[in-house]
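Chains A and B are the protein sequences, given in the same order. Residue numbers for the first sequence follow the numbering used here, so the first one is -19 and each next one is one higher. Residue numbers for the second sequence follow the numbering used here, so the first one is 1273 and each next one is one higher.
One thing to keep in mind: the hints can contain errors.
Over 10 Å on every C-beta distance to chain B, these chain A residues come out as not near it, computed from the model [to be verified]:
1) P111
2) E133
3) G262
4) E263
5) G384
6) I460
7) E471
Just a few of them, taken from the derived set where beta-carbon distance is under 8 Å, the chain B residues facing chain A [stated by the list, open to error]:
8) T1325
9) T1341
10) E1362
11) V1403
12) C1404
13) L1406
14) A1500
Source of the hints: derived by calculation from the structure; they are not laboratory data. All C-beta atoms, glycine included, are put in the ideal place defined by N, C-alpha and C.
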Amino acid sequence: MRIDSVKSLDSAAKTARKQREKIKTEVLVCAGTGCLANGSLEVMEALQSAVKKKELDVKLALGLKTTGCHGFCEQGPLVVIQPKGVFYKGVKAKDVDAIVEKTLVGGETIERLLYKDPNTRKRVEQYAAIPFYGKQQRIALRNIGRIDPADIEDYFAVGGYAGLAKALDKMMPEDVVDEISKANLRGRGGGGFPAGRKWKTCRNAPDEPKYVLCNADEGDPGAFMDRSICEGDPHAVIEGMIIGAYAVGAHAGYIYVREEYPLAVKHLQRALDDARERGLLGENILGSDFSYDIKIARGGGAFVCGESSALMKSVAGEIGEPRAKYVHSVLRGLRDMPTVLNNVETWANVPWIIAEGADKFTEHGTKGSPGTKAFSLVGKVKNTGLVEVDMGVTLREVIYGVGGGIIGDRPFKAVQTGGPSGGCLPEDKLDLPVDFDTLTDAGSMMGSGGMIVMDDRTCMVDTARYFLKFLVDESCGKCIPCREGVHQLHEMLEAICRGEGKPDYIEKIEALSDVIVKASLCALGKSAPNPVLSTLRYFRHEYEEHINERKCRAGVCRDLFEFKISEETCTGCGACVKACPVDAIVGELKSLHVIEEPKCTRCGACRNVCRFDAVEVV
Amino acid sequence: MTDKTINVQINGQVHQAAPGETILEVAKRAGVRIPTLCYHEALESVGACRLCTVEITHPDWKGWKGYVTSCLYQVEDGLQVETDSADVREIRKTLLDLLLARCPKSDVIQKLAAQYGVKSTSFKENEDDTVCILCGLCVRVCAVKGCHAIGVGGRGIEKLIAKPFNQPPPDCIGCASCAHICPTGAIPFEDVNGVRKIWGHEFPMVRCEECGEPIMPEKQLAFEANKASLDPSYFTVCAACSQKKTVQTIKTAFDMRSIGVADEAPAGR
Chain A
-19 MRIDSVKSLD SAAKTARKQR EKIKTEVLVC AGTGCLANGS LEVMEALQSA
31 VKKKELDVKL ALGLKTTGCH GFCEQGPLVV IQPKGVFYKG VKAKDVDAIV
81 EKTLVGGETI ERLLYKDPNT RKRVEQYAAI PFYGKQQRIA LRNIGRIDPA
131 DIEDYFAVGG YAGLAKALDK MMPEDVVDEI SKANLRGRGG GGFPAGRKWK
181 TCRNAPDEPK YVLCNADEGD PGAFMDRSIC EGDPHAVIEG MIIGAYAVGA
231 HAGYIYVREE YPLAVKHLQR ALDDARERGL LGENILGSDF SYDIKIARGG
281 GAFVCGESSA LMKSVAGEIG EPRAKYVHSV LRGLRDMPTV LNNVETWANV
331 PWIIAEGADK FTEHGTKGSP GTKAFSLVGK VKNTGLVEVD MGVTLREVIY
381 GVGGGIIGDR PFKAVQTGGP SGGCLPEDKL DLPVDFDTLT DAGSMMGSGG
431 MIVMDDRTCM VDTARYFLKF LVDESCGKCI PCREGVHQLH EMLEAICRGE
481 GKPDYIEKIE ALSDVIVKAS LCALGKSAPN PVLSTLRYFR HEYEEHINER
531 KCRAGVCRDL FEFKISEETC TGCGACVKAC PVDAIVGELK SLHVIEEPKC
581 TRCGACRNVC RFDAVEVV
Chain B
1273 MTDKTINVQI NGQVHQAAPG ETILEVAKRA GVRIPTLCYH EALESVGACR
1323 LCTVEITHPD WKGWKGYVTS CLYQVEDGLQ VETDSADVRE IRKTLLDLLL
1373 ARCPKSDVIQ KLAAQYGVKS TSFKENEDDT VCILCGLCVR VCAVKGCHAI
1423 GVGGRGIEKL IAKPFNQPPP DCIGCASCAH ICPTGAIPFE DVNGVRKIWG
1473 HEFPMVRCEE CGEPIMPEKQ LAFEANKASL DPSYFTVCAA CSQKKTVQTI
1523 KTAFDMRSIG VADEAPAGR
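All chains should be modelled from the sequences, with the hints used to inform the complete structure.
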């Protein structure tokens, strides 16, 4: 059924909303990758059969729906019951009968399935009352968890494609560019380049054809914002791209998505097919004389293909290596034609800005960085998951407010932002507002939004070594400073972590990093020394301890410390004895335990299980 | 020079350039030496070795300066280039130090590094004895030739110049352009008894009809003739004999003219 005018889109939305209104109770089962892995599909199947058996769907006007990621992945599988807003976590198929009987039929909540706030130790019944959700502000993630991503009608019902309709019906392409410029939407992929300026340059470029692309090649370890959007709200991305294409005058585009995101690929493909069938993509969109179509280009999982020029080469079927961008890709991009490339999150913001207006967007965030930013909050934080907050909130609010603080209430040591080429910020930077410029000034960067929290048991030298190893593996190898230089940086860090660091290594690392930053071909190389430079800036003493004293006080670099059980604090509970995989701990119950050093592999299992912090690093 | 001549300052001296020219091209013409490894004037530049990095600034840039590869950066009016500043020398020195760690056995790299004061590498030396610096000239020349026989494989430190499926490349014609263009002599080949050995192939060679010396692999001859739409018999003599033959022809013509035969030729010839 083709929607050939703005008017018929309105009526399709009205019909979809009416359908939804008939449903009195809606059960939303998270089917994001995290919950799927935890068995949420089995939960859904059990729900379906239980409901069908009792014909509850008719009796209670019940709607069952699988949705995209709710964000609180750590607590999954998640089930939300609307309109009451009851939030169940860790739901298994065996819990379904109870949910049907007690909650759906009986109207009561099941205590044991409710979320327990680790700080107040109280069960929380309401979705919105959970600090993890309550402190968030969702624009890019606005529909995720609320709609069925595989159902275009559901997207219509929440105002989907209204932004596109407004753009095509009421705005000239230049007006769209101006609106995005006014909103000062900055690229969410890491660079923070103003999208409006990019679009304008592309629009004014003389060459044809023009392309509008989406970067869904999210490659930072621990980052999953873009994946979640593609999985949970693919139409938002597609709608954003169509609006962008209308604004710059493009008629073809690609979504470059990594093959390792099978669910994202599936949902995007489904959404593209559905949109095309409805006349929202392809020839004469919504009956206008504007045409634009999108294909999916699947990437093989090279981190460097997230770099714009490498991405465009990969889309064109060439080896994904960056080129020098003395002429910007917005003028000479895909197939040497003017190209706008924005990432998933940026595109997902676009329909909202057009529909709601730039002024409403700039109510959020800071002057220099308006709007919100999605983060994947991971590491040693109590609430890990997908988070969207206003720009300008402090790191502390994200980590302690939304994230609930550090696991086990251990001391905070550092937060790593910006992915592998970002940096680590120490505790005294926790009150910095999170926006593009502040994080860069502090020696880290916004990046695409990975946020890894580290506690006092993290070794910063080892952390830098880990990220450099990633970059050594992911360097395309085209230019010498990145290929050979980052490799040699990594060799030196390996040596330091083994206790073989030489006194001049810090100086050598800094000098080599300086050349890598100045001489590398692309942004990946230029930012590759960031992990080591930012840890050197804030945690220099750890490097010095590793090199001069051969000590790793965090207890990570195995050649540089020993574990010892404290005589004062050990209660002789025996937990460490049980945990030790190599039987290196001896001691009777209720008497002091002792680690037999020659046997100990320093795996840290004893330290992790000890509730009295009796296992010390010496 | 076109009418839109632009002025570029290189090491304090003003030089004229045409729009679209790179810093390297202008510097070469001006006699300013900039070291390169992955550059060849017949091929598209890629900026892989970074050795030709120079420092640039502009009166309009409010004191900002940057480092760009001169093989790729196109000049603009008023551009100020330093090709041998302390920073540039430091960059080149480090790059050559890194290359020397990768290819300690390469005499080309050793010599170049010595020019920047690097006698031995300060980094961890590579254990194998490769002299390939992965500049990619071989792959580019092979593509321009129209063969695409070799490519690059892997990435990062594991990157290598690769044959498809690590077998003798089926599209190789044995022309050895790759070996000739390689700045460090990393691609071995030999001509023995009228057979060229390269990339695991053994190509029989066509011999010169005059002197009997091998000219080129039969496969290359067929390829070149086809590409130039010439009869393969066009290539039956070697370059030296062809030269000799031409000289002989001219000489004969000259001799005939001197004995008056040429006067009978039609006017205007």
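How about T1325/B: closest beta carbon in chain A under 8 Å, or not? At 5 Å from the nearest chain A Cβ, T1325/B passes the 8 Å test, so the hint holds.
Claimed clearance of chain B by E471/A, with the beta carbon kept past 10 Å: violated (5 Å)
Evaluation of the interface hint that places L1406/B against chain A, nearest CB under 8 Å: Interface hint status for L1406/B: holds (7 Å vs cutoff 8 Å).
So is P111/A really clear of chain B, every C-beta pair being over 10 Å apart? Answer for P111/A: holds, closest chain B Cβ roughly 42 Å.
Supplied contact hint for C1404/B, tested at 8 Å Cβ to chain A: violated (12 Å)
Is the Cβ of G262/A farther than 10 Å from every Cβ of chain B? holds (35 Å)
Under 8 Å is the threshold here; is the Cβ of E1362/B close enough to any Cβ of chain A for the hint to stand? holds (7 Å)
Interface hint check: V1403/B, Cβ to nearest Cβ on chain A, cutoff 8 Å. Holds or violated? At about 14 Å, which exceeds the 8 Å cut-off, the nearest Cβ of chain A leaves the hint on V1403/B violated.
Quick one, is the T1341/B hint okay against chain A at 8 Å, beta carbons? At about 6 Å, which falls below the 8 Å cut-off, the nearest Cβ of chain A leaves the hint on T1341/B intact, so it holds.
Taking the minimum C-beta separation from E133/A to chain B, is that value above 10 Å? holds (44 Å)
Beyond 10 Å from every chain B Cβ - status for G384/A: holds (38 Å)
Would you check whether A1500/B satisfies its interface hint, that is, whether its CB is within less than 8 Å of any CB in chain A? violated (28 Å)
Violated hints, listed in ascending order, are 6, 7, 11, 12, 14; each of the other numbered hints is respected by the structure.
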